[in-house]
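Student: Each chain is listed here by its residues.
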Amino acid sequence: MRRRSHIWTWARRATALGFFVLLVAGARTDVEWLRGSTTATTLMGALPFADPLAAIQTALATRSVTRELWVGAGILAALAALLGPVFCGWLCPLGFLLDGNAALRERILRLFDKRHRRIAERGAPRGTRELALLFVLSFTVFCGIPFFEAVSPIQLLVRGIAYGAWLGLFVVLGIAIAEWFAPRIWCRTICPTGGLYALLGRLAPLRVRIDRERAGKLHCAQCESHCPMGIPVMNGYTLAGASAVDDPDCTRCGACLDACPGAVLRIGVR
Amino acid sequence: MTITPVSTNRRAFLALVGIGAGAALGAGRRHLVGLPTPKRLRPPGARSEADFLAACIRCGQCVIACPPDALRLADLEDGIAAGAPLFDSRENPCNLCAGEDELHCIAVCPTTALNALDDRADARIGTAAIDSERCFAWNDTVCRACWHACPYPNSAITLDWKSRPQIVADACTGCGLCDHACLTEPSSIRIAPFGVGVDA
Numbered sequence: 000m001r002r003r004s005h006i007w008t009w010a011r012r013a014t015a016l017g018f019f020v021l022l023v024a025g026a027r028t029d030v031e032w033l034r035g036s037t038t039a040t041t042l043m044g045a046l047p048f049a050d051p052l053a054a055i056q057t058a059l060a061t062r063s064v065t066r067e068l069w070v071g072a073g074i075l076a077a078l079a080a081l082l083g084p085v086f087c088g089w090l091c092p093l094g095f096l097l098d099g100n101a102a103l104r105e106r107i108l109r110l111f112d113k114r115h116r117r118i119a120e121r122g123a124p125r126g127t128r129e130l131a132l133l134f135v136l137s138f139t140v141f142c143g144i145p146f147f148e149a150v151s152p153i154q155l156l157v158r159g160i161a162y163g164a165w166l167g168l169f170v171v172l173g174i175a176i177a178e179w180f181a182p183r184i185w186c187r188t189i190c191p192t193g194g195l196y197a198l199l200g201r202l203a204p205l206r207v208r209i210d211r212e213r214a215g216k217l218h219c220a221q222c223e224s225h226c227p228m229g230i231p232v233m234n235g236y237t238l239a240g241a242s243a244v245d246d247p248d249c250t251r252c253g254a255c256l257d258a259c260p261g262a263v264l265r266i267g268v269r
Numbered sequence: 000m001t002i003t004p005v006s007t008n009r010r011a012f013l014a015l016v017g018i019g020a021g022a023a024l025g026a027g028r029r030h031l032v033g034l035p036t037p038k039r040l041r042p043p044g045a046r047s048e049a050d051f052l053a054a055c056i057r058c059g060q061c062v063i064a065c066p067p068d069a070l071r072l073a074d075l076e077d078g079i080a081a082g083a084p085l086f087d088s089r090e091n092p093c094n095l096c097a098g099e100d101e102l103h104c105i106a107v108c109p110t111t112a113l114n115a116l117d118d119r120a121d122a123r124i125g126t127a128a129i130d131s132e133r134c135f136a137w138n139d140t141v142c143r144a145c146w147h148a149c150p151y152p153n154s155a156i157t158l159d160w161k162s163r164p165q166i167v168a169d170a171c172t173g174c175g176l177c178d179h180a181c182l183t184e185p186s187s188i189r190i191a192p193f194g195v196g197v198d199a
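Chains A and B are the protein sequences, given in the same order.
Counting from 0, one number per residue, gives the positions in the first sequence under numbering that gives the first Met the number 0.
Counting from 0, one number per residue, gives the positions in the second sequence under numbering that gives the first Met the number 0.
Hints may contain errors.
Partner residues are not named here, just some residues of chain B that face chain A (Cβ under 7 angstroms, in silico) [what the hints assert, rightly or not]:
1. A53
2. A54
3. Q60
4. I63
5. L75
6. I79
7. P109
8. T110
By construction, these hints were calculated from the structure, which means they are not laboratory data.
A quick note: this is a predicted structure, and the numbers were derived from the prediction, not measured.
Idealized CB from N, CA, C, for every residue including glycine.
Isolated chain A (complex conformation) (with noise of 0.2 angstroms):
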C-alpha cells in the first residue's frame, strides 16, 4: 500500500497562487504579464482572456460582443471543453483560499479525533449551482447589468486584495466562516461560475480514470472523503464498472489521486 501524497495537492495551490500573485502584481506594480481581474484580463498586454459568465453577461447586458470578449471568453470555454473545470481547482483564487480554509479545518478537527476522515463527512449538497446559474442570467437580463460580476466573492477577493476595495473581503470572510460549519458551500452548492464550467466541460476527454485491474479491492473510501467537490468518485465503477469519473464537477484537482492508497486512480484522456 502506497503512502498518501501530497504532489497533485501542492501543485494546484502553487498554480492558483501563482495565477493570483501575477494578477496582484499586474494591478499593484509594473508586472504586466496579467492586467484585469478573473472576469477579463490580458496576458502579456496582448492575449485576452475572459471568463464565460461573466462575458456572457455583458453580451446579455449590452446585446452586443466584443472582440476581446468573445476572443477571450472562447479561449477559456474551449479549455473548459478539453480539460473539464479545470479554473475552479487550478486558477480561482477564491477556491485556493477556501481549499487552504477547508486544509485548516481538517487539521483542527483531527485535533480532537483522530479518526476524522476515514469516513467521508457530509459536505454541502451540490445539484444546485446550475440552478444558481440561471438565476444569474435571468437577473442580468432583468436588470441589464452583469450584477453577479459586481458580488462574486471570487471578484471581491481580487479587488480586495488586487485593488484595495476591501469592503468586499467581509463577504469572503464570511463564506470562510460558513465553511467551517458547511464544508465548500460556495464550490459545491452556489458558485454559477463553476456551474458553467462544469456545464462547458460535461464532455471533456481529460478524466481522473479507474484502473480496474487494481480497483475494487480495498473499498477504503479516502478518494471520495478527500474530494473538494464531494464527488462518490468509485460509484460510477461500483455500480456500472466505469473506467472513468463521469461526474462533471469533478475539476481535475488530482486530491482523489494523491489520496488513493492503491494507485487505483490517474488522470488520463478517456
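Model the placement of chain B on the given structure of chain A, informed by the hints.
Tutor: Chain B only, in chain A's frame:
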C-alpha cells in the same frame, strides 16, 4: 452510464424554475437600472450611466492603465455598481491623458463600457458648476486657479470682465481638473456626473 447526484426529474424542475424566472423577469428588462447607486464620475468614453454599468465587466484594466492613477474600483457600498471604475475629482482628477498619445482607459477596455472618442474634447464625464458664494473670484479676491487648470480655457471656462470664472456646459468635459485646483476648502466647484439616471 452517468451517476448524477440529483435525480433527473429534480434537475429538470430546477432548470424550468430558472428559465421561467428568466422569462418572467426578462419582460421587465432594465427596470432595475434606476437602482439608487451613488453618483460617480466615470472614465471618459462612458456614454450613459446605464449603458456603462451594463457593459462594464468589472475587470479593473482601466484602473491599471490610468496614467495619473486617478481611477479606482467601486467597493460594495456602491451596490450593483460595485467593481466599476470611478474617480474623485477633488482628490485625483482625470487629466484626459495629457501628453499621452491615446486615452489609456478606453484603449484597454475589453467591452463597450468605454468607447473611443474622435477628440478628447468630446469626453463627457460630467459638467462643472461653480458655487459663486464660496468662489474667491466671485467674492472680489483675485483667483484664476480653475481657469489655469482647465484643459480647454476660454472655451470650457471663460472669465468675465471682472475675471470671474464661468462654466460653458457645452464645452466642459467634466475632467475635474478645476475642482482639483480650486483654492477654497471645500472646493467651490462640483462636477455633476454626466448622464446619471439617463437611460439611453
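Student: The structure should be examined with respect to each hint, and the outcome stated for every one.
Tutor: Consistency of the hints with the structure:
1. A53: Since the shortest Cβ distance to chain A is 4 angstroms, the answer is holds.
2. A54: 5 angstroms, holds
3. Q60: OK, holds: B/Q60 within 7 angstroms of chain A, min 5 angstroms.
4. I63: Given a least distance of 5 angstroms, the restraint on B/I63 holds.
5. L75: Holds. Min distance 4 angstroms.
6. I79: Interface hint status for B/I79: holds (5 angstroms vs cutoff 7 angstroms).
7. P109: Interface hint status for B/P109: holds (4 angstroms vs cutoff 7 angstroms).
8. T110: Holds, because the Cβ-Cβ distance from B/T110 to chain A comes to roughly 6 angstroms (cut-off 7 angstroms).
Checked against the numbered hints above, the structure breaks none of them.
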